[in-house]
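Colleague: Below, each chain spelled out in residue letters.
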Amino acid sequence: MKLKTGIRTAVIIGIALLLIVLPLLGACAKEKVVEVPVEKVVEKEVIKEVPVEKVVEKEVIKEVPAEERWVKMLDLTDLTGPVGGILTPISEGLTAYFDHVNNKGGVEGVKVNWIVVDTQYKPAVAQSAYERMKEGSILALTYAFMMDWFVEVSKRDKKVIFSASPTPRSFFPAQPYIFGVGWMPENSAAGIKWFKENMFKEARPMRVAMIYTDAPAGMGYILGVPKWCTEQGIEVVKLQPVPLGVTDMSAELMAVERAKPDLIIFSMTIDGAIIGLRNRYDLGIKTPAMTNAPGDLAIGMKSLGPEPVEGVNWVCFYAVEEMGEKYPWVKKGTEWWYDKHPGIKPVSGSFYTGMAYAMIIEEALQRTLEKVSYEELTGEALKTYGFDTFTEPFPTEGLHAGFDIKPGVDHLGLKKAIVVTAHEGKLGFSDYFATPTVRPPDYPLSLEK
Amino acid sequence: MDLPAGTYSFSYSRDMAIVRTRSQWGMAILFMIVLLSLPLFAGSYFLNLIIMIAINAVAVHGLSLLTGYCGQISIGHAAFVAIGAYTSAILVTNLGLPFWIALPLAGLVTGLVGMIFGLPSLRVKGFYLVMATLAAQFIVHFILMLDPFGLTGGTFGVAAPAPKLGGIVFNSAQSFYYIAIGACILATFFAKNLARMDVGRAFTAIRDNDIAAEVMGINLYRNKLLAFFLGCYFAGIAGSLFVHYMGTVSPDRFTLLQSIWFLGMLIIGGLGSTSGVIFGVAFVQLLEELTAILSTSLGQAFPMLAMQAAAFSQIIFGLVVVLFLVFEPRGLAHRWQLLKASYRLWPFSY
Chain P
1 MKLKTGIRTA VIIGIALLLI VLPLLGACAK EKVVEVPVEK VVEKEVIKEV
51 PVEKVVEKEV IKEVPAEERW VKMLDLTDLT GPVGGILTPI SEGLTAYFDH
101 VNNKGGVEGV KVNWIVVDTQ YKPAVAQSAY ERMKEGSILA LTYAFMMDWF
151 VEVSKRDKKV IFSASPTPRS FFPAQPYIFG VGWMPENSAA GIKWFKENMF
201 KEARPMRVAM IYTDAPAGMG YILGVPKWCT EQGIEVVKLQ PVPLGVTDMS
251 AELMAVERAK PDLIIFSMTI DGAIIGLRNR YDLGIKTPAM TNAPGDLAIG
301 MKSLGPEPVE GVNWVCFYAV EEMGEKYPWV KKGTEWWYDK HPGIKPVSGS
351 FYTGMAYAMI IEEALQRTLE KVSYEELTGE ALKTYGFDTF TEPFPTEGLH
401 AGFDIKPGVD HLGLKKAIVV TAHEGKLGFS DYFATPTVRP PDYPLSLEK
Chain V
1 MDLPAGTYSF SYSRDMAIVR TRSQWGMAIL FMIVLLSLPL FAGSYFLNLI
51 IMIAINAVAV HGLSLLTGYC GQISIGHAAF VAIGAYTSAI LVTNLGLPFW
101 IALPLAGLVT GLVGMIFGLP SLRVKGFYLV MATLAAQFIV HFILMLDPFG
151 LTGGTFGVAA PAPKLGGIVF NSAQSFYYIA IGACILATFF AKNLARMDVG
201 RAFTAIRDND IAAEVMGINL YRNKLLAFFL GCYFAGIAGS LFVHYMGTVS
251 PDRFTLLQSI WFLGMLIIGG LGSTSGVIFG VAFVQLLEEL TAILSTSLGQ
301 AFPMLAMQAA AFSQIIFGLV VVLFLVFEPR GLAHRWQLLK ASYRLWPFSY
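Going down the list, the sequences are from chains P and V.
When we follow our numbering, the leftmost residue of the first sequence carries the number 1, and every step to the right adds one.
When we follow our numbering, the leftmost residue of the second sequence carries the number 1, and every step to the right adds one.
One or more hints might be untrue.
Unchecked claim - Coverage of chain P stretches by chain V, computed from C-beta distances (three or more under 8 Å per stretch; other residues unrestricted):
| hint | region |
| --- | --- |
| 1 | 92–105 |
| 2 | 123–131 |
Stated by the list, open to error - Here are the simulated lysine-lysine pairs, DSS-like style, with alpha carbons at most 30 Å apart:
| hint | chain 1 | residue 1 | chain 2 | residue 2 |
| --- | --- | --- | --- | --- |
| 3 | P | 134 | P | 104 |
| 4 | V | 164 | P | 158 |
| 5 | P | 104 | P | 155 |
| 6 | P | 326 | P | 302 |
| 7 | P | 201 | P | 416 |
| 8 | P | 227 | P | 302 |
| 9 | V | 164 | P | 155 |
| 10 | P | 286 | P | 104 |
| 11 | V | 164 | P | 134 |
No wet-lab data here; the hints were simulated from the structure.
Cβ coordinates follow ideal geometry from the N, Cα and C atoms, glycine included.
Assemble the whole structure, with the sequences as input and the hints as a guide.
Modeller: Structure representation (structure tokens):
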């Protein structure tokens with residue numbers, strides 16, 4: 001019954017050796033990455049010049065019947081969790097748009113299998129979902145605060161990561177496989193700039209106060225803005241944090257008001273801003289206000305009534321329902337929304353954002369399929385022939401402000417914004433205008449991996 | 001009950017041995033070989049899942065010592081994991097220390113911070129201690145968000161590089177797997193032995209009746225603080241592993257909900273059991289994974305209901321946990337014991 005001491009010692013030494021040797025083997029072993037041979041992604045003209053044997057090899061690639069031509073893309077999003085309210089309509093917009101694309105026959109006959117995965121605001125779930133579903137996919141869209149992880153992984157897997165995360169680390173500098181909208185403070189700066197040029201009439205420097213949620217949803221939209229304001233000769237008189245999930249911000253607003261600002265920026269999601277605007281009205285504060293983060297002033301107006309939001313400005317980067325008369329795609333999106341959510345008014349602005357993202361992805365896919373066949377369609381090809389060719393902010397038919405998808409300079413970010421103003425129970429809006437450039441303050445932007 | 005019929009231990013050391021029979025040795029060796037050679041044939045998805053189970057198991061081992069053995073309920077364990085994560089990231093990025101030194105230091109710092117928050121345990125217990133550790137959760141979270149010393153990166157958190165050893169960078173699931181599994185094995189080993197040592201017996205005595213324990217000569221002051229130190233040390237190690245695996249960390253990752261789930265893992269696995277920790281963590285992680293798969297599959301099968309499927313899968317998750325606790329309140333470790341006993345007696349069970 002008792003194991004002999006010698007055998008036991010040998011076993012223990014063996015296990016110890018395994019513990020030492022196997023990690024080294026594992027660390028040295030490269031993960032199996034399905035790499036596309038170079039000849040598969042070169043342009044068709046080049047293929048004509050390659051030796052006969054390569055052409056024969058190319059012919060071996062089995063052509064997929066037209067009805068089976070699907071391309072898999074992942075939407076790793078937080079449908080549940082604290083930001084589910086903002087991200088769910090984005091996914092709905094994406095899904096609705098790709099349904100439309102598929103119904104009209106796909107992109108060059110290739111249909112999009114848009115797979116929505118609920119990542120629950122948990123990085124481990126997002127990570128696991130990506131690893132589970134990456135096989136055969138060419139793109140993953142993500143909002144999660146795990147872009148550092150995706151920077152490395154996207155290079156490893158050679159897949160496009162379309163990011164809507166406001167963390168600046170992955171965009172300063174721009175990364176080879178990361179595309180999308182990521183740097184939101186330029187939106188806030190655009191609002192301040194608009195106010196200064198259109199509403200501020202004094203000869204002295206303008207004074208701005210910012211009241212923000214101390215969480216990514218609020219902080220991420222003003223990072224670097226105070227520094228930018230100072231450079232522009234705009235005085236930042238108060239930076240006032242409020243906790244996430246705040247139910248009353250009267251005290252904070254009074255502190256802000258004591259600083260005598262010309263404009264109060266509410267940097268938070270619309271539920272927080274509604275509380276702030278209600279408190280502002282109750283306290284009788286007349287200082288002009290502006291909100292900047294995802295949400296919808298129409299929802300605020302519906303919640304509070306017209307008086308508390310009278311004159312309030314909202315700088316945003318996606319359409320509002322009222323723009324449907326000017327932009328047909330906004331009108332179409334509005335119809336889709338009400339088809340899906342009968343009786344739920346108004347349209348969530350994030351829905352238009354989702355449509356805009358889908359429109360950009362469709363365009364990238366279109367450009368890629370003009371260069372390579374379906375059989376040669378990979379993440380690498382989508383990057384090279386699709387996203388890398390976006391040299392100008394892509395117009396999204398008024399659904400969303402233009403943003404640099406691949407700037408080639410130093411960062412991704414919004415390039416245009418609009419300002420929506422509430423007046424007598426109705427919303428008026430400016431046209432899209434250019435945003436200034438805002439850089440992050442002293443910040444640990446990148447670290448050696 | 002613990003050994004097959006006809007198997008006896010003739011000495012105290014034999015009786016206390018974890019692996020006692022030839023077949024147990026055989027299975028242990030086989031298990032170790034499978035475990036250690038897994039990255040050579042498993043994909044990164046599977047390895048990633050095991051890594052997360054291993055990291056969480058290290059954290060829950062700490063909570064098991066503190067709550068399961070010593071009876072000091074902590075509802076701020078995620079905050080202690082956060083301290084370990086931030087300490088390690090800051091030591092590596094700001095001071096340039098190697099991961100291998102930052103790892104134990106993260107545990108040490110977290111252990112010391114844990115002792116501070118454990119001080120109220122000398123005066124209060126039960127729900128009152130829950131409130132004290134709840135305060136720890138909020139204080140730590142607030143400090144990380146506020147970033148008073150310019151170290152924690154505020155809302156956005158900090159990044160941390162992958163561990164290196166010589167020229168090898170552990171930046172893939174294949175390589176990091178060994179670090180996580182190694183740490184989990186060591187944590188399990190230490191947790192198991194700590195629970196069997198005089199320290200563990202003192203913890204159990206305090207848990208069962210602290211006044212009786214004190215009368216027997218157990219120093220409550222010393223042992224309660226030691227429980228907090230050890231529990232938080234494990235949490236710090238888990239935090240360090242987490243941040244260097246994920247590459248980045250922010251305060252949002254260590255919420256009160258996460259702390260509650262750590263307790264949930266412990267209860268599901270079985271309080272006061274080392275193997276229960278592994279079972280509990282694996283159960284919750286796998287259930288989380290299964291509900292994510294279910295949500296995606298439902299969304300694909302019924303595209304019109306994709307968004308509702310996500311909420312539905314959360315309901316399933318909660319329901320499974322509730323049903324499990326109703327039908328197996330003593331945890332998975334107890335179910336495992338029953339299974340083993342039944343196997344040993346088969347086919348003569350009664």
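Colleague: If a hint holds in the structure, say so; if it doesn't, say that too.
Modeller: Here is how each hint holds up against the structure:
1. 92–105: Our answer is that it holds, as 3 residues pass the Cβ test (under 8 Å) against chain V, meeting three.
2. 123–131: Answer holds; 7 residues pass the 8 Å Cβ test.
3. P/134 - P/104: 26 Å, holds
4. V/164 - P/158: Measuring from Cα to Cα gives roughly 24 Å; hence the hint holds.
5. P/104 - P/155: 33 Å, violated
6. P/326 - P/302: Holds, at about 23 Å.
7. P/201 - P/416: With Cα atoms ~24 Å apart, residue 201 of chain P and residue 416 of chain P stay inside 30 Å; holds.
8. P/227 - P/302: 35 Å, violated
9. V/164 - P/155: OK: residue 164 of chain V and residue 155 of chain P at ~20 Å, within 30 Å.
10. P/286 - P/104: Violated, at roughly 51 Å.
11. V/164 - P/134: 27 Å, holds
The structure does not agree with the numbered hints 5, 8, 10 stated previously, though it agrees with the rest.
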